[in-house]
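All chains, please: the whole structure from these sequences, using the hints.
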Amino acid sequence: TLQNLPATAASRFGIAASAYNLNGSSQYISTATAFSNPTGLTVSIWFKTASVTGGLLIGFGSSATGASAQSDRHMYMNNAGQVYFGMNSSMLYSVNSTLAYNDNNWHLATGTASATAGMLLYIDGVQVANNATGKTGDNYTGYWRIGYDNITSNWPSAPSSFYFNGLVDDALIYSRALTATEINTLYNSPDGAGNNGPVCAGSQVNLSATIISGATYAWAGPNSFTSSLQNPALTYTAATAGTYTLQVTVTGCSATAYTNLVPTNIGGVWTGNTSTSWADPNNWCGGIVPAATTNVIIGAVKNNPVITAVVMCNNLTIAPNASLTVTAATLRITGIITNSGTLDMKKGTLDLAGATTQTIAGGMFAGDTLLNLTNSNAAGIIITSGTNAGLLYITGALAFGNVNNTVTKTGDNIVLVSTVTATAMVPDITNNSINNGNTFSGKVAVERFFPARRAWRLVTSPLSATGSIFSSWQNNGNYTPGRGTYISGPGAAPSNGLDISPLNNSSLKEGSSFVPVVNTFANLSNNTGNADNKAFFIFVRGDRTAATYNTNYANTTTISSTGNLQTGAQTFTASSAASGYTLIGNPYASSVNFATVTKNNLANRFYVWDPYLNNQQGGYVLMDDFNNTGTYTATPPNPPGGQNNFIQSSQAIWIQTAIAGAASISFTEPSKALSNNLKAFKVAGTAALVATLNTNLYLLKDDSTTQLADGNMTQFNANFNAAIDIQDALKFGNVYETLGLLSGTTLLAADRRPAQAPNDTIFFKFTKSRQLKYQFEFVPANLNTTLLPVLHDTYTGKATLLSNTNKSTVNFEVDAATASQSATRFYIVFTEVKVLPVTFTSVKASPKNNNIIVGWQVENELNIKSYSIEKGIDGAHFTEAGTIKSTVGNGGSTTYNWIDVNTVTGINYYRIKNINTDGSMAYSKIVQASIGATASNISVYPNPVVDKIINLQFTGMPKGNYAARVINNQGQIVLSKQINYTGGTAIQKIKTGNSIASGAYKIEVTSPDNNKATISILIQ
-11 TLQNLPATAA
-1 SRFGIAASAY
9 NLNGSSQYIS
19 TATAFSNPTG
29 LTVSIWFKTA
39 SVTGGLLIGF
49 GSSATGASAQ
59 SDRHMYMNNA
69 GQVYFGMNSS
79 MLYSVNSTLA
89 YNDNNWHLAT
99 GTASATAGML
109 LYIDGVQVAN
119 NATGKTGDNY
129 TGYWRIGYDN
139 ITSNWPSAPS
149 SFYFNGLVDD
159 ALIYSRALTA
169 TEINTLYNSP
179 DGAGNNGPVC
189 AGSQVNLSAT
199 IISGATYAWA
209 GPNSFTSSLQ
219 NPALTYTAAT
229 AGTYTLQVTV
239 TGCSATAYTN
249 LVPTNIGGVW
259 TGNTSTSWAD
269 PNNWCGGIVP
279 AATTNVIIGA
289 VKNNPVITAV
299 VMCNNLTIAP
309 NASLTVTAAT
319 LRITGIITNS
329 GTLDMKKGTL
339 DLAGATTQTI
349 AGGMFAGDTL
359 LNLTNSNAAG
369 IIITSGTNAG
379 LLYITGALAF
389 GNVNNTVTKT
399 GDNIVLVSTV
409 TATAMVPDIT
419 NNSINNGNTF
429 SGKVAVERFF
439 PARRAWRLVT
449 SPLSATGSIF
459 SSWQNNGNYT
469 PGRGTYISGP
479 GAAPSNGLDI
489 SPLNNSSLKE
499 GSSFVPVVNT
509 FANLSNNTGN
519 ADNKAFFIFV
529 RGDRTAATYN
539 TNYANTTTIS
549 STGNLQTGAQ
559 TFTASSAASG
569 YTLIGNPYAS
579 SVNFATVTKN
589 NLANRFYVWD
599 PYLNNQQGGY
609 VLMDDFNNTG
619 TYTATPPNPP
629 GGQNNFIQSS
639 QAIWIQTAIA
649 GAASISFTEP
659 SKALSNNLKA
669 FKVAGTAALV
679 ATLNTNLYLL
689 KDDSTTQLAD
699 GNMTQFNANF
709 NAAIDIQDAL
719 KFGNVYETLG
729 LLSGTTLLAA
739 DRRPAQAPND
749 TIFFKFTKSR
759 QLKYQFEFVP
769 ANLNTTLLPV
779 LHDTYTGKAT
789 LLSNTNKSTV
799 NFEVDAATAS
809 QSATRFYIVF
819 TEVKVLPVTF
829 TSVKASPKNN
839 NIIVGWQVEN
849 ELNIKSYSIE
859 KGIDGAHFTE
869 AGTIKSTVGN
879 GGSTTYNWID
889 VNTVTGINYY
899 RIKNINTDGS
909 MAYSKIVQAS
919 IGATASNISV
929 YPNPVVDKII
939 NLQFTGMPKG
949 NYAARVINNQ
959 GQIVLSKQIN
969 YTGGTAIQKI
979 KTGNSIASGA
989 YKIEVTSPDN
999 NKATISILIQ
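Just so you know, the sequence shown maps onto residues -11 to 1008 in this note's numbering.
Note that these hints are calculated values from the structure, not bench results.
Backbone N, C-alpha and C define an ideal beta-carbon position, used for all residues, glycine too.
Do not take every clue at face value.
[Claimed, not checked] Label pairs and their calculated CB-CB ranges:
| hint | residue 1 | residue 2 | range |
| --- | --- | --- | --- |
| 1 | N998 | K853 | 38 to 48 Å |
| 2 | T167 | N392 | 17 to 27 Å |
| 3 | T167 | N956 | 51 to 61 Å |
| 4 | M79 | T693 | 37 to 47 Å |
| 5 | A221 | T252 | 14 to 24 Å |
| 6 | T693 | I161 | 26 to 36 Å |
| 7 | T169 | N956 | 36 to 46 Å |
| 8 | N492 | A804 | 20 to 30 Å |
| 9 | E170 | N492 | 55 to 65 Å |
| 10 | Q759 | A203 | 39 to 49 Å |
[As the list claims (entries may be wrong)] With a straight-line Cα cutoff of 25 Å, these simulated DMTMM-like cross-link-like pairs (lysine to aspartate or glutamate) come out:
| hint | residue 1 | residue 2 |
| --- | --- | --- |
| 11 | K761 | E801 |
| 12 | K756 | D487 |
| 13 | K977 | E847 |
If you want it as structure tokens, here you go:
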């Protein structure tokens, strides 16, 4: 409802009478309809100021007119021109812009509120403020108001006049919080037309229009610009600035939209005019590479920037569909990061160097991952969980720059990642005693990767105030592939956290006396404030899959613990006995050079456990520096674990007291080292190549997501035996689904066999199934590529070709039928390549204008060189009309199309010949298409039907889904099939199989409009 008759005005596109001009003293707009307690909302409005007095832009009041007694969900401008957005429930929460917008220009203000993200404020499509605590407004029934309502004194920086003086347009209210991408669309293309502005001189302009099926597009704009493309592009010059008009026409109806292209010469706007190089001035608006004080904006352009050196900027904004990649380089930021696109720093360093506290979250970065994070901010940095509650994964270093007395507040959101190739660390926080006073606040998760080897290890958790052994290294008792490990012992029970094992031997021992751990609910570390990490002797089998209980089975795993990082001096008390031994753990989440630690009454040597010594479960290696050279010599020499001076993160060692009396060892920050000895926790040497097929079983949910249920592994190598021996691992049964490998009558989790040979068969035994949908996942490694694995389903009779190089998935269902629930329903046969020819699953010919499109689909495309398209006019004699090279060739499926531009009036016949790499060939069925008038029909060819395959040919029929039924002479339906016909002339193959006897039948085909065609057929 228009209150006091505000006048109309031209919009931001210059369209007359399409906006309203509010006089700032009496005019406003309100809804006639009342709304009850709007929650989870977005409010958005375009405005242009005519004064600097501020006023309400849009809000929610208890009255439709006058000053509301209750007012909430307000967006208003203060006297300084800053935009405020607030929620007034039990407390008043607000956010506001830093900049002023009372500049007599059009701006879009958008506010969102949700239970997950709180309040967010956007100006001109870019987020400028947020408040995570403001989530809901006051609960009352009211009216939406534009231009005026009561802004009481408790609202921050309330304007002197509640009436807004200026133009308003396109006020939008949503009952949910829009995403950043959607808000950017509101700003750039509210009516279906948009552009990537503001743009710089010489930059590419991308005009965009909403996709509408069957529409035609007509663009017109400055400098006599016209285009019929949906999304045309042009190069920006001063002459091309202004409003572009789009007319969209569908079936004779037209609509018009506008978008205003705005120029800019602001430094820091990426154009990507010439390349992806950040360092190239030609890629930046104004020709100047950003400096430390520059606010950088990365828009969606053809060349996304890549950083390959140290670069600096203040604020960084990445627009939707834009990206920034940092590779082996450093991005130094002094302001804030606003990322609506992609910021890939998996191989880069982020250096936060602002003067006020800077905040980041894992969700800002691709994969939630940084290689390195450096705190160079004297005011400190904060890592939050962000709107998606994501963690920040660091794969390199969590460090401090040249700064003193600052803090990195982790928010319990940092993970130091450990993989087969590297383990993240916290390097010297004093930078070799240059800096002081730097600390961490909050907890950090520290990982340690273990290779697939059953062996004892000396380990520690380099943290204080951790959780329990159970919640940390046992992964809270849960099975997650590649995470956690089993810890067993006598008397295992839920009350003590120990895992049950076949022998119930202790697999975790603590301290210098190797005391068996009998309760894993005990804390992993102490909490005294210094040298709190305990040292353990642990037998690592692998992750928590049941198969790791087998004596010859192991897989990779990563254990993790969460607590406070230990920094600064850490001192351990050693045995006071002469030649006494003490087991201690590296206190730091970093490698340490043993030569530089302080040793009080200790021999200059240490002992480690090498898990690769003696090729069994490992043994001790002495590292001795008798002559104090700083280099430690190994005995036995050249240990397979590659131990050197450096003690790795999470590694424990033995130290030896020299003479009777007090003894200790002190670690300091400068003793940290950047060296990673991967062999200490990685497989040493090159193992014999083993061909592997892992089979995983998943529950397939209705939403197409999966849940891992079980799995097994088959391996092939000339060193393995065909008979069951210690190399094979028995399968333990589960409560529900159990998928094992059947070898004779023995069920295995891991079956190790001799090298692959043709017709090798893997027999699965699937027990305890339920009437559910499932998915097989087959993951090959190093399989013989001349043999193809084919999965056979004895219930459906279907044979499915699997890839011998890439992961394959096969969905299936278990129903009430006995055969469906058979434990031996599935098996795999490794078949020689030569017996798997290409299969044509569909061949069709479709006329288009005076041309004909010939298309075909193939399966099992392997060893195919090319396809020859042969053409004839009588269906009997053919000549080559074109060729297409094979594009897949790995046993997969694909589709090909070829256009005949030399058609003849009447019927044109085609067939496809596949030419194999060995020179052999095969033909598809013949299809036809007509140029000129021809009758639409459905036919069967050949008839009588041969080879148990009905070739049902469609010519010129309406597109859609058809139902085909084969009916015997007694009127019984013996076979039915659904057919998706896409037009033209196409042959659909219907396999009758051996279940239908030879004889006379009728095939009934029902079209999408329920018309029926009946054809008599004879099946031979």
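Q. Going through the earlier hints one by one, which of them does the structure break, listed in rising order?
A. 2, 7, 8
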